[in-house]
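The task is simple: from the sequences and hints, build the whole structure.
Chains A and B, in that order, are what the protein sequence lines are. Count the first sequence with this note's numbering and you get residues 1 to 351, in order. Count the second sequence with this note's numbering and you get residues 352 to 737, in order.
No wet-lab data here; the hints were simulated from the structure. Just so you know, not all the hints are guaranteed correct.
[Said to hold, decoys possible] To give an idea of the interface, some chain B residues facing chain A are shown, with a C-beta separation under 7 Å as derived from the structure:
id	residue
1	549
2	697
3	699
[As the list claims (entries may be wrong)] If you want the footprint, here are the derived chain A segments under chain B, 3+ residues with CB under 8 Å:
id	region
4	80-90
5	101-108
6	138-152
7	185-199
Quick reminder that beta carbons are idealized off the backbone N, C-alpha and C, glycines included.
What follows is the residue order along each chain.
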Amino acid sequence: MTTATTGPTAAKAAKAAGAAGKPKPATMAQALQRAMRDAMAEDPTVHVMGEDVGTLGGVFRVTDGLAKEFGEDRCTDTPLAEAGILGAAVGMAMYGLRPVVEMQFDAFAYPAFEQLISHVAKMRNRTRGAMPMPIVIRVPYGGGIGGVEHHSDSSEAYYMATPGLHVVTPATVEDAYGLLRAAIASDDPVVFLEPKRLYWSKSDWSPEAPAPVEPIGKAVVRRRGTGATLITYGPSVPVCLEAAEAAQAEGWDLEVVDLRSLVPFDDETVCASVRRTGRAVVVHESTGFAGPGAEIAARVMERCFHHLEAPVLRVAGFDIPYPPPMLERHHLPGVDRVLDAVARLQWEAQS
Amino acid sequence: MDSLQQRSSTVQEPPGAVPAYRPTPPPAWQPRTDPGPLLPDAEPLRVLGTDAVADADPALLLRLYAELIRGRRYNTQATALTKQGRLAVYPSTTGQEACEVAAALALEERDWLFPSYRDTLAAVARGLDPVQALTLLRGDWHTGYDPREHRIAPLCTPLATQLPHAVGLAHAARLKGDDVVALAMVGDGGTSEGDFHEALNFAAVWQAPVVFFVQNNGFAISVPLAKQTAAPSLAHKAVGYGMPGRLVDGNDAVAVHQVLTEAVARARRGGGPTLVEAITYRIDAHTNADDATRYRAAGEVETWRAHDPILILERELTERGLLDEDGRRAAAEAAETMAAELRERMNADPVLDPMELFSHVYAEQTTQLREQAAQLRAELEAEGEA
Ligand SMILES: Cc1ncc(C[n+]2csc(CCOP(=O)(O)OP(=O)(O)O)c2C)c(N)n1
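Okay, structure coming up:
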């Protein structure tokens, strides 16, 4: 892989790849890595830090090669202490750097919550705008990879409940690149949730091709449909797309909205879709009670009540601590559970 | 007993048995270098009242004196403002002024101070406008100044959380090639927090130019040091991280200034972090909301009053003929002027713009915040019309 960014070099690389046949598919992990590399090459204030991100390249290899290319001062193996990592990042941001911090796993980010909530999220506010916190906190999250306890949490509701943070989660290889570039460029802190079971998902998007930076805060309609909207994000996007395909057999034409950004929330795209379809199901794998779906369903109800043919339903993980790997398939919302919910949307009312 | 012996004697040694285990160092183990130089002295450093004071620069002594007088007056004035309802709360540093003032004077202008909520005086001694320093406690805004302009981080309320910030900033400065030092202040209670540990560990591993300054004033609200730690001293904690620990008499302004200045200089020349513990005492209650008689005896306070930082410096200056009645009066008058101005400015009602509530959450307001701002604006307009 070259270090080509967008621009002429990238175009040349893309052409070369084209000449040699179809470009090799890239994984989400590679797209994320290229996003960091491009950002580091363009901006010397971007620093990557965390546990094992240097020599090892991260336990998921997302930071692979960055220490070698940019040196250990730019891609740093820190001591093993999440509050220390994020707290140090705060001080570095105070001095004009743009730290990109890796939390090794979702449940190991909790020691850093104090720094995240009391300082990262509030510093701009406490200082009346004088001290922004351009920090990205990358968190591999969610289940489905058979991880042992404490390796599969979906913590997005905690982050969403904290004003001052952006909360972003890609579902495609292209978005992984585009959204991470935007997150690094953001003058505000971004909690960047990486669906770990999609790390190895592939796309024909060439790692050398020019890649667009996606603005944070914009949802995207992944599939057009007329009968109902599936509102989802991150690891549940492929599930919903598969469910939508399966639903066709039942004569249900489903639209799938990938939120991409949980904060800020794109009311416009979501509500436009629900107004078109008149029905909505929110799908995510984190717990349902006081989970992200509760907020989303309430927003849709408040804004689209007169367009709704049925109550907004939620398909979420059970309200349980993340289960042991051998049981996780019962917990994670799969295609069948999504289709069951769609069936409950009282289709007979339509006509 | 017999049967035991019998049983053991029946155990057959297998042929070619491995020799008995004899402890040797594990393969990868390398003895650390002698931690001795990192250990604090048994007694806190004192300069006042010792022969060492002869070397002290008279100009520095007078400067410290003037700042102590001003600092004491600042403390009494701010405490009075809580009684008048002008400040929601004030954590006084009466009795601890030597630490506050020396912290400010040990730094160069390009250095950074990371204060806790108690360290308003250090910020003021560093040159911050006293009113700006009090906005957190008055309640008109959390931080009343631009931290970058003064190189003073926001006064920090969650204990010890400012310490990793100091490490990160110092580290970033060093990466940039700037010889900037960060001085981070924390109380004795704060040293029990995880962030204290993580900050010291990071600083030592990164050899960051940071000085950690613990004001051991005896209590964390009501909890005495003995219930906070079992360590021989807080300065001893430094050894475990691989940095020097220093103990100093926190009421001896000259000693505190000396220790901090040395630690700052050491950090600046690439020598890495230092942990300094100052032994001092909080004369006032934790804040105006606290009843200190519940957890400490009046006699204890009186003992410390006899070791008051102003008293012991004043004695030295008087003995040396550097300070007379006129000098004392001049310092008192300067402090009085400061207090009168502070009083007057704090008695004016702050003008607040409620719409600013939405201004500093994100660089760009989200749709959600724009909607909420419109709601508040409508409420304010309705209020105006009513
Ligand atoms: C994380 C955290 N826990 C609890 C508190 C509440 N609290 C405020 S001050 C204080 C005692 C602090 O004592 P110490 O660190 O010795 O500092 P001092 O007030 O004596 O300067 C406590 C428990 C806090 N501010 N932050």
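> Per the coverage rule (Cβ-Cβ under 8 Å, at least three residues), is the region 80-90 of chain A covered by chain B?
Replying inline: holds (count 8)
> Taking the least C-beta to C-beta distance, is residue 549 (chain B) closer than 7 Å to chain A?
Replying inline: 3 Å, holds
>> Can you tell me if the region 185-199 of chain A counts as covered by chain B, using C-beta to C-beta distances under 8 Å and a minimum of three residues?
In response: holds (count 3)
>> Restraint: residue 697 (chain B) near chain A, CB-CB cut 7 Å. Satisfied or not?
In response: 19 Å, violated
> How does the coverage statement for the region 101-108 of chain A fare against chain B, requiring three or more residues with Cβ below 8 Å from a Cβ of that chain?
Replying inline: violated (count 0)
> Mind checking, does the region 138-152 of chain A have 3 or more residues with a CB under 8 Å from chain B?
Replying inline: violated (count 0)
>> So, as I understand it, the hint says residue 699 (chain B) touches chain A; can you test that by seeing if any CB pair is closer than 7 Å?
In response: 19 Å, violated
Going down the numbered hints, you'll see the structure goes against 2, 3, 5, 6, while the others check out.
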